[in-house]
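Engineer: The lines below spell out each chain.
Number of protein chains: 2
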Amino acid sequence: MSTSILRGWLQAAEADWLVLRTAQGELKIQLPDDASVRAGLADITPESSVICEVEQGGQGEEGGQESCPVLCRLTLCHPSEPFPLDPGKDYSRDLSVRHLWLRQPKAGHILRARHKILKAIREALEEHGFIGVQTPLTTQAACVCSGSVFEIPFYDQKAALNQSPWMYVDCLVNSGVDKAYAVMPSFRKEQEPTPSHLSEIWHIQCDQAWFDQEESMAFEENLVSAVVERVLDDCAAELAFLGRDVAELERVKPPFERLSYDRAVEMITEAGHRIRWGEDIDSDAQRVLSGFFDKPFFLVEPPYETANFFFNRNPERPEVAMVHDLYVPGCGEIIGGGERASDIELLYENLLHFGHLPEDYEWYLDGKKYGPIPHTGFNFGFDRFTMWLLGLEDIRQGVPFPRVPHTAPRP
Amino acid sequence: MSTSILRGWLQAAEADWLVLRTAQGELKIQLPDDASVRAGLADITPESSVICEVEQGGQGEEGGQESCPVLCRLTLCHPSEPFPLDPGKDYSRDLSVRHLWLRQPKAGHILRARHKILKAIREALEEHGFIGVQTPLTTQAACVCSGSVFEIPFYDQKAALNQSPWMYVDCLVNSGVDKAYAVMPSFRKEQEPTPSHLSEIWHIQCDQAWFDQEESMAFEENLVSAVVERVLDDCAAELAFLGRDVAELERVKPPFERLSYDRAVEMITEAGHRIRWGEDIDSDAQRVLSGFFDKPFFLVEPPYETANFFFNRNPERPEVAMVHDLYVPGCGEIIGGGERASDIELLYENLLHFGHLPEDYEWYLDGKKYGPIPHTGFNFGFDRFTMWLLGLEDIRQGVPFPRVPHTAPRP
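These protein sequence lines are chains A and C, in that order.
Heads up: the first sequence begins at 1430 in our numbering, then just goes up one per residue.
Heads up: the second sequence begins at 1430 in our numbering, then just goes up one per residue.
Check the hints yourself; a few may be wrong.
In this list, chains with the same sequence are indistinguishable; a pair is considered to hold if it fits within one copy or across any two.
[Unchecked claim] Below, a list of computed lysine-lysine pairs in the BS3-like style, where the Cα atoms sit at most 25 Å apart: (1) LYS1618 <-> LYS1587; (2) LYS1518 <-> LYS1798; (3) LYS1548 <-> LYS1724; (4) LYS1682 <-> LYS1518; (5) LYS1457 <-> LYS1682; (6) LYS1724 <-> LYS1682; (7) LYS1682 <-> LYS1798; (8) LYS1457 <-> LYS1548; (9) LYS1618 <-> LYS1457.
Just so you know, these hints were derived from the structure itself, not from any lab.
I would like the entire structure built from these sequences, with the hints used as guidance.
Structural biologist: So this is what it looks like as structure tokens:
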């Protein structure tokens, strides 16, 4: 027998038990026969913070459960007012009580899993020689799509909140960093709240010098598979708590199908859905496509018109872009990437074509004057990847303090 | 003899040598006698991207240098226009050419070191059971000091760019995460550009449940010492390149002095500098104090009036706060922390006292109604720590794309 201290929040007290919520989860503690120990308990409200001195029984027999700790003394730290959330109800999509939901066991499991997922991604990248960098959030102009930018005053300048770290990571790789990744928040002024969009997102921009489209896809399928495999190990308890069907995750192994946009249009049409070559694959069409796959797949070489200004054209088929997106069935796009254009004339044309002002991108274009290199970049949507791995219905469940369109930024 | 490929940017070509800048640094490559190989070189401008097929000589004798690779074939990838930076000049403080400075060897060394410093911090925290979290950047109001907040429109709401993740990390720890850290950018609308301030900063907020001020300081001095020790090993090449005096870093071992604010005021006064009890220790006074120490030191229990609204008072001396700052000689404060107030009445009073609107903090106060716990938090200034470790004169040298007051946010 040894005595130890457990700290946490009282959840419930029964005749012979109390339940303590700690950082490791909920623990059952046995009450002793001692009436003086039990006496104090009656007045302590749930969610009060308490310090429990317990006697830990010896280990159970080989392979068995450790026996339940027995309470020796309980000290009230701070009492709780009546806690407003119903312990049987799931508040994970109700942002008005987000700061209180964080106390529920589901939130704790999600937060721990989110941490382990990011750690797995980071370590996988670093094993391959990537260095982590930080990029700025106040910037000059939209770098993804003009419609979704938050404009802000920056001293007496008009500025924008950055939509993606890609331009900065591109510049670093084009300057000699070779392989760089940036785990960054970005801002998207989305107009519609959807289950897979937020106004503030976390993503990981990964650029590699001297890589081409196929090398990048091979890297990404290995990265995603390695991370999924590690998460299956490291987050087994969290996946079980959340009721995630792990069979779907166990199928995630390379290679992933490379589905051409051309073939995708045929498949969508054959399935009776209307789409014309040249159009974006909308969420309905994505759902149709997803039905054909039971693991992640790449959609490659979309029409140049639907791509962003900074990608190369396919030299043999200039109407398509050297771009790929990685889709996961049921969740949509988690990675978008491709070959960076290094031809300054093409970039200039593209900026005009896509409605940007070239003078806002002067420093970026400038960098391409001095021996640009072939390179690829991909953007890994961390919040959406977390949502998919954990089998959440809504992206906001996986983010501790989500920001959604048209909703006050609180808590 | 074996053949390999080296990719990078041509720096210089001499009669018998060329210098190639790669992600690993500058490499000297020997030219062969073959005139056809040499012929193409004359027309290639510095900073052009090239691919060199080289024959790598065998290893030199035991302990000796590997012999220099010999060029077999050079392929021009993309030519460079005349590069505008003088290779002999240091542009690390000139933001107008930041995107080009990143190609200079000093920038590469700083970026690699910055990556390794953050990795060392992260791993040290995780060894102690911290989990990493992400916090939002759009928020309701100032959480540090009203004067330095960027106000922004968030859809049709008035919002602010977050000044510190502390409120969110506090909420998570108070909800049951136990030990949480957030590596985050924050925004400070500083009015004066100084060598140690930026408008966008990166820092690491670390909170620990059930800790008190002394436990937190003991943790911090061990953390800082462990990171410094690891950086001395991992970044030896970078420190040498930057000419950092490592003797100063080698002295960084626990314990660090705990200097009370009271004693600090006496020491500053004895040194002939004017300060009155109750005043902030300004940068001149900090310099005076720093002269007494040859390694980092804590300044503890400052006047409550100079602390922030979320700290506890010393119960035995309510005129001082349970706060500590960690100073490094010559660089200023790199950590600020203390015991979080959990008394909702005190917090409410403090908010009013420090000129905040309590309704902007409602969700935060709300969280303290339900069994708050004693806990400490500290904020580790990553940009400033990097500046000090690398011996930089200006904080902007250590940040790839710094943002400074009253300067357009570009590149």
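Engineer: With reference to the structure, classify each hint as holding or not holding.
Structural biologist: Status of the hints after comparison with the structure:
| no. | hint | verdict |
| --- | --- | --- |
| 1 | LYS1618 <-> LYS1587 | both (16 Å within a copy, 15 Å between copies) |
| 2 | LYS1518 <-> LYS1798 | between (59 Å within a copy, 20 Å between copies) |
| 3 | LYS1548 <-> LYS1724 | within (23 Å within a copy, 33 Å between copies) |
| 4 | LYS1682 <-> LYS1518 | neither (36 Å within a copy, 50 Å between copies) |
| 5 | LYS1457 <-> LYS1682 | neither (40 Å within a copy, 42 Å between copies) |
| 6 | LYS1724 <-> LYS1682 | within (8 Å within a copy, 51 Å between copies) |
| 7 | LYS1682 <-> LYS1798 | neither (40 Å within a copy, 48 Å between copies) |
| 8 | LYS1457 <-> LYS1548 | neither (31 Å within a copy, 37 Å between copies) |
| 9 | LYS1618 <-> LYS1457 | neither (46 Å within a copy, 49 Å between copies) |
Of the numbered hints given earlier, the model fails hints 4, 5, 7, 8 and 9; all others are met.
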